[in-house]
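For the sequence shown, the working numbering gives the first residue as 770, with consecutive numbering after it.
Derived by calculation from the structure, the hints in this document are not laboratory data.
By construction, the Cβ of each residue, glycine as well, lies at the ideal position given by its N, Cα and C atoms.
Treat the hints with caution; some may be incorrect.
What the hints assert, rightly or not - Restricting the straight-line Cα-Cα distance to at most 16 Å, the calculated cross-link-like pairs of lysine to aspartate or glutamate (EDC-like) are:
no., residue 1, residue 2
1, 1108, 1056
2, 1094, 1117
3, 782, 900
Unchecked claim - Here are the simulated distance ranges between beta carbons:
no., residue 1, residue 2, range
4, 853, 1100, 28 to 34 Å
5, 962, 813, 29 to 35 Å
6, 852, 1020, 24 to 30 Å
7, 1110, 961, 45 to 51 Å
8, 830, 809, 26 to 32 Å
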Amino acid sequence: MPTAVFSGAGLSKALGYPITSELLDRAMLAAEKKRLGGARSNNADCDLFLSMVKRAAPGLSERPDLRQRVLITDLFSMVEYCIATDEPLGSLTATELIEFRRLLKFAISEVLVAAGPSDEADKLLTAQQTDLKKSIANWLLSLGNSATLITTNYDVEIDHAVYGAIESGTPNPDRIATKVDLGFEWRDVRSHGQIHPRPKSPKFSIFKLHGSLDTLRCPTCGHVYFNCLGTIAWQAFRRQVDYNNTCHCSESRLDVHIVPPTFVRRVPDANLSGIWRNAIERLRLADRWVFIGYSLPPEDMAIRSLILRALFARKSPPEIHVISKGPEANHRYGTLFPKYRCYAEGVEAMRFSEL
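Could you put together the complete structure from these sequences and hints?
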């Protein structure tokens, strides 16, 4: 049965990654310890990030306990609004706001790159997460060529588990280029800018609506570099400019290829716009929709629009499955779909092979 699988933050959380509400606190803690960026950490960036956060949200200096309640989405939305309207944000000038936006992208990317199992000492939890990742990857491949994974997640855990399963080991970029459809053509990080077109008969398709940590984009030619072997988003923030963070077209500095978490997520990049268009088409054609760990958050207005457009472009409704904990997600799905099956036990308890 042609299946479209839609995953969200709940799946990443089950694999040990922080959700949106945890990003700001983790980023500030890492910056305070001069560890934002791990071994690549730059003290100047850490200090500037903390300074700008406190200037944008002065109360955090007096109430550090609020950091766990303030969404990085709030800060990003204010920054984007002020840039768009050419207004200062408190004492932050227009020039500083551009730098603050860069640092917020840096913080999100680095926190997610550094993330993994929430407690390294808990070997049982790590084993459970590894088993869950393998289980989902194998299930996705068992669905056949008609399956598509559509996701809002930046991390690459499921993607790369699928690539490894396809290759039965370490993925080979040339072979992955013929077997996996990302929804856009891409440049190879190993070669001299070789462009891989979308495969005609992919074994698996994955459309990342908000971008990914294993991609970088050139602002000059618009092409995206993709690495099936690991994350490369961190390359965009290194102070040193070299072969690894510049494009073959003109040696332009590469940028992260993600849509920042704001209340109104704009998708100006042609590659991402193409992904959204392809996602609607796959949803339109699929006989079954499976939502995994996606709670339909209120700020994802564009996602709701995408889902509704795909739904009303069909002659008949698909079979719908929702795997998500908590009553809120169930209520939100109820406003979109008259009929669906809900698995309220969540991602961790799901037996995907039986779905």
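Hint check against the structure, violated hint numbers in rising order: none
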